[in-house]
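*Asks:* Mind the numbering: the sequence shown is residues 167 to 514 in this note's numbering, read in order.
No lab work stands behind these hints, which were simulated from the structure alone. You may find that some hints are simply not true.
As the list claims (entries may be wrong) - Straight line, CA to CA, 25 Å or less: simulated SDA-like cross-link-like pairs of lysine to any residue: (1) K291 x W303; (2) K434 x V463; (3) K434 x T376.
What the hints assert, rightly or not - Here are the computed distance ranges between Cβ atoms for each label pair: (4) N305 x Q221: 27 to 37 Å; (5) R418 x Q358: 45 to 55 Å; (6) R298 x R418: 15 to 25 Å; (7) R418 x Q196: 45 to 55 Å; (8) K247 x S294: 35 to 45 Å; (9) Q244 x S465: 51 to 61 Å; (10) L380 x N185: 49 to 59 Å; (11) A333 x R493: 39 to 49 Å; (12) Q216 x Q388: 31 to 41 Å; (13) Q358 x H389: 18 to 28 Å; (14) P262 x L497: 20 to 30 Å; (15) C344 x Y485: 47 to 57 Å.
We put the beta carbon where it would ideally sit given N, CA and C, even for glycine.
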Amino acid sequence: MPRISVLLPVYNGEKFLANAVRSILWQTWQDWELLIIDDGSTDSSLSYAQHFAAQDRRLRIISRPHRGLVETLNEGLQLCKAPLIARMDSDDIAAPQRLERQWQYLETHPEIAAMGSRIRIFPGKNRSLGIRRYERWLNRYCESEDLARDIFVESPLVHPSVMFRRADILELGGYRQCPWPEDYDLWMRMWQRQLRFAKTSEVLLYWRDTPQRLTHTDARCQHNSLRSLKIFYLIHTFFPECCPGRQAKLHRPVLVWGAGSNGRDLVKSLRQHGLFPHGWVDNSPSRQGQHILGLPVMSADQVLLRGHEFIIMAVSNPYVRADVRKRLDALGAQEGRDYICLANIAKR
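Can you build the whole structure from these sequences, using the hints too?
*Replies:* Printed below as a string of structure tokens:
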């Protein structure tokens, strides 16, 4: 039995598949199997995979009609032989030491269920501002506590950079079909179960950004879908009384910190999901004392004097977000109990 199974689904990925496979063949750690599942490709992906498998018996190739990514990933979870699974995509490149570094970390940190890495998005030419911001944000945090703290901001791990313990993922039921990204949904369910993530401080994955990438083309990856995911887990984690079929009143009043466009969109979505905030907190004196979407806007001092609300921070700017955190923490508020940060990554 290999110590690591590399799970690589492919669908019409002939253009870059050879580079992805070679990056696994050239790993410094060699005790692995590479499971390539061809999801009914109509190009030459299967031929490329079979070519490599004929030269190295550690490659296993599965081919069958197209079923979609989630079913392919769940099939792979069942077929992988090793207790550790490293995800890989057909258009990305793993650094030579990736498997070795992640295996070493998981062996010495049994409390960590999923191990990602810092990433480099390529090619550099024509990268959008949003992609550059996301790369900086992803590479800023590596420790488990930081990743859990910001899980409602954005997906904390890049899926093809992750190595995880197969038993943990199977216990959660694997991947789910849902109206948002299946990997972010998995991280959320792991977080709910108090399973911990971490990242290596090294760049171990080169993440190819093309116009065809699902991040750009799949409606499940758009802002509205991501906001729905965050609100779903927000309600089920902190306000189960608001779940469908329940009519109980909120145990604590909810305030939204940040009455800008991001905050207003958030409040509209919260109301659609059955959670009705009681008011706003905003640092801008020009907004304080107004009513926005029918809710009063108050200053931070007014809220902190009362101190019994649950605060959803809808502040996009990371520096302002850090200042608000410091202010709340200094007054004894606990993140994850008294407040969370729920915002998209802002322009900087």
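*Asks:* Now, for every hint given, state plainly whether the structure supports it.
*Replies:* Here's how the hints hold up against the structure:
1. K291 x W303: holds, 19 Å
2. K434 x V463: holds, 16 Å
3. K434 x T376: violated, 32 Å
4. N305 x Q221: 27 to 37 Å: Hint holds: Cβ distance 35 Å, inside 27 to 37 Å.
5. R418 x Q358: 45 to 55 Å: Violated: the Cβ-Cβ distance is about 20 Å, outside 45 to 55 Å.
6. R298 x R418: 15 to 25 Å: Given a distance of about 38 Å, which is not inside 15 to 25 Å, the answer is violated.
7. R418 x Q196: 45 to 55 Å: holds, 54 Å
8. K247 x S294: 35 to 45 Å: holds, 39 Å
9. Q244 x S465: 51 to 61 Å: Given a distance of about 55 Å, which is inside 51 to 61 Å, the answer is holds.
10. L380 x N185: 49 to 59 Å: violated, 19 Å
11. A333 x R493: 39 to 49 Å: holds, 41 Å
12. Q216 x Q388: 31 to 41 Å: Cβ of Q216 to Cβ of Q388: about 36 Å, so the range 31 to 41 Å holds.
13. Q358 x H389: 18 to 28 Å: holds, 23 Å
14. P262 x L497: 20 to 30 Å: Violated, since P262 and L497 (Cβ atoms, about 48 Å apart) do not stay within the stated range.
15. C344 x Y485: 47 to 57 Å: violated, 33 Å
The structure fails hints 3, 5, 6, 10, 14 and 15 (numbered hints given earlier, in ascending order).
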